[in-house]
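Let's have the full structure, built from the sequences with the hints guiding it.
Quick note, the sequences are listed as chains C and E, same order. The first sequence begins at 1 in my numbering and counts up one residue at a time. The second sequence begins at 1 in my numbering and counts up one residue at a time.
Because the hints were derived from the structure by calculation, they are not lab data. The structure displayed is predicted, hence computed values, not measured ones. The beta-carbon is built from N, C-alpha and C at its ideal position, and this holds for glycine as well. There may be inaccurate statements among the hints.
Below, a sample of chain C positions facing chain E; criterion: calculated Cβ distance under 8 Å [said to hold, decoys possible]:
#: 1; residue: R41
#: 2; residue: S48
#: 3; residue: E59
#: 4; residue: W63
#: 5; residue: L222
Listed next, the in silico DSS-like pairs over lysine-lysine satisfying Cα-Cα at most 30 Å (straight line) [what the hints assert, rightly or not]:
#: 6; chain 1: C; residue 1: K69; chain 2: E; residue 2: K89
#: 7; chain 1: E; residue 1: K130; chain 2: C; residue 2: K69
#: 8; chain 1: E; residue 1: K88; chain 2: C; residue 2: K69
#: 9; chain 1: E; residue 1: K89; chain 2: E; residue 2: K130
#: 10; chain 1: C; residue 1: K207; chain 2: E; residue 2: K58
#: 11; chain 1: E; residue 1: K87; chain 2: E; residue 2: K58
#: 12; chain 1: C; residue 1: K214; chain 2: E; residue 2: K88
#: 13; chain 1: E; residue 1: K88; chain 2: E; residue 2: K58
#: 14; chain 1: E; residue 1: K58; chain 2: C; residue 2: K214
Here are the chains, one letter per residue:
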Amino acid sequence: MNHLDEEQLVLYYYGETGAAGVEEHLGACESCRDTYHTLQRVLNSVDSLPVPERSADYEAQVWRAVSTKLPRRSFALRWLTWKPLAVAGAMATLVIAAFFAGHAWQKPRNETARDSNVRERVLLVAVGDHLERSQMVLVELSNAGAPKNGSLDISYEQRAAEDLLESNRLYRQTASSSGDTATASILEDLERVLLEVAHSPSAVSEKQLDDLRKQIEDQGILVKVKTFGQRVEERQAAPQGGVL
Amino acid sequence: MEDSDSVAVARAKQGDGDAYRILVDRHSRGVFRLAFRMTGNEQDSEDVVQETFMRAYKQLHRYEARSSFGTWLYRIAANYSLDLVRKKKRHGEIGLQESATEEEMGEVVHAVASSDPGPERLLFSGAVQKQVAATLNELSQQERTAFVLRHFEGQSIEEISSALGLSNNAAKHSIFRAVQKLRRALEPLVAL
Numbered sequence: 001m002n003h004l005d006e007e008q009l010v011l012y013y014y015g016e017t018g019a020a021g022v023e024e025h026l027g028a029c030e031s032c033r034d035t036y037h038t039l040q041r042v043l044n045s046v047d048s049l050p051v052p053e054r055s056a057d058y059e060a061q062v063w064r065a066v067s068t069k070l071p072r073r074s075f076a077l078r079w080l081t082w083k084p085l086a087v088a089g090a091m092a093t094l095v096i097a098a099f100f101a102g103h104a105w106q107k108p109r110n111e112t113a114r115d116s117n118v119r120e121r122v123l124l125v126a127v128g129d130h131l132e133r134s135q136m137v138l139v140e141l142s143n144a145g146a147p148k149n150g151s152l153d154i155s156y157e158q159r160a161a162e163d164l165l166e167s168n169r170l171y172r173q174t175a176s177s178s179g180d181t182a183t184a185s186i187l188e189d190l191e192r193v194l195l196e197v198a199h200s201p202s203a204v205s206e207k208q209l210d211d212l213r214k215q216i217e218d219q220g221i222l223v224k225v226k227t228f229g230q231r232v233e234e235r236q237a238a239p240q241g242g243v244l
Numbered sequence: 001m002e003d004s005d006s007v008a009v010a011r012a013k014q015g016d017g018d019a020y021r022i023l024v025d026r027h028s029r030g031v032f033r034l035a036f037r038m039t040g041n042e043q044d045s046e047d048v049v050q051e052t053f054m055r056a057y058k059q060l061h062r063y064e065a066r067s068s069f070g071t072w073l074y075r076i077a078a079n080y081s082l083d084l085v086r087k088k089k090r091h092g093e094i095g096l097q098e099s100a101t102e103e104e105m106g107e108v109v110h111a112v113a114s115s116d117p118g119p120e121r122l123l124f125s126g127a128v129q130k131q132v133a134a135t136l137n138e139l140s141q142q143e144r145t146a147f148v149l150r151h152f153e154g155q156s157i158e159e160i161s162s163a164l165g166l167s168n169n170a171a172k173h174s175i176f177r178a179v180q181k182l183r184r185a186l187e188p189l190v191a192l
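Take a look at the structure:
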């Protein structure tokens, strides 16, 4: 009778394939059975290696430590912006299509001031939302820490800026066509900054990051967007809506 | 667990921070245990836990669910532990683990021979634990990683070979060598 070798016994212990016939042999061979029991005791004794206990709130401790070191872009930003961004362009197209369709359909029936007001407010809300998303991306870039290892990954902001650019163009053209110069002007300034971000390398050096920040500051875009946002809120709150 | 891991991973890939936190909550203790068995050092194990979750987060888009999330995560942890231990060995920061002394081994033999020779008693013996730790420390890093993944994490030889970039045969032989060394060191204590 050929006895089992150690490798077969190890494979059998761990339930690996390749240990076929081992069980039958162990049933019939006392010598191999003894060897296997010794191996079992050795490997079972390895389980006695103690692992230090962790505290009850260990998971929370790990999360606190990890979440502060995760790549600079915050989960909050990703959560608030990424999903909506994926459909932002389509939304912009729909809102603008509805805006112009309203114009074309209402004109022959002598558009009332109320109808016009409703459409403008819908557009205003959409633009306000678009500006808020843009602001979040630019704030992330402005507040970015110093690049580690010489470069900073801004690929997320780039993708976001590319998506926002598409809607920005549509909103700007619509605002110009409808004579809303204030909105068109701010969207034009924003477009320049978004273009810069979208066309930057996906990993920027400290100098490139500084240039981007300078561009954001020079355009004063964050202040303009904030001011515009406040006006949108006021306009939304007003019963008939005024001029921005 | 794995099914719900898949859901959490899918949500985390879309940027859902709460979903990634769920994964951290579920796996941080397991990753710590693996890291400790790999490094034998508490502080290093904490570093491994944090670094593993950071690396996993950065590489989440590459995870394709061919293996379970846990297996994929533990692979990251095992590889980082390997790197860490190698680096420390290069810098001479890891000394030889002290083996059980002859006196301690004699006490075990005496205790077992004189009263109850049940295996439970041996499992909790400090000398056995010390000898296990010392022997694990004497294994090559490849042997130790392959053994820890097989013995403690229940990973298949195929998964281990993929984790360590080895052929199935090489992974299998790393485990065999580790078991051989453990058997030689521990048999005098347990084969009574």
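Here is what the structure says about each hint:
1. The restraint placing R41 of chain C at the interface with chain E holds, with a minimum CB-CB distance near 4 Å, inside the 8 Å limit.
2. Using the Cβ-Cβ criterion of 8 Å, the hint placing S48 of chain C at the interface with chain E is satisfied: the shortest such distance is roughly 4 Å.
3. The interface hint given for E59 of chain C holds, since its Cβ lies 4 Å from the closest Cβ of chain E, which is under the 8 Å cut-off.
4. Contact between W63 of chain C and chain E, as hinted, is supported at the beta carbon level, the nearest pair being about 5 Å apart and thus within 8 Å.
5. Proximity of L222 of chain C to chain E is violated relative to the hint, the smallest CB-CB distance being about 23 Å (cut-off 8 Å).
6. With a CA separation close to 27 Å, the supplied pair K69 of chain C and K89 of chain E stays within the 30 Å bound.
7. Our distance criterion of 30 Å between C-alpha atoms is broken by K130 of chain E and K69 of chain C, whose separation comes to about 36 Å.
8. With a C-alpha separation of about 23 Å, the suggested pairing of K88 of chain E with K69 of chain C holds against the 30 Å cut-off.
9. For the hint linking K89 of chain E to K130 of chain E, the alpha-carbon distance of about 20 Å falls within 30 Å, and the restraint holds.
10. Our distance criterion of 30 Å between C-alpha atoms is met by K207 of chain C and K58 of chain E, whose separation comes to about 24 Å.
11. The straight-line distance between the Cα atoms of K87 of chain E and K58 of chain E is roughly 23 Å, inside the 30 Å bound, and the hint therefore holds.
12. Restraint check for K214 of chain C and K88 of chain E: the C-alpha separation of about 43 Å exceeds 30 Å, so the hint is violated.
13. Straight-line distance between C-alpha atoms of K88 of chain E and K58 of chain E comes to about 25 Å, which keeps the hinted pair within the 30 Å bound.
14. Pair hint K58 of chain E plus K214 of chain C holds up; C-alpha atoms about 28 Å apart against a cutoff of 30 Å.
The structure fails hints 5, 7 and 12 (numbered hints given earlier, in ascending order).
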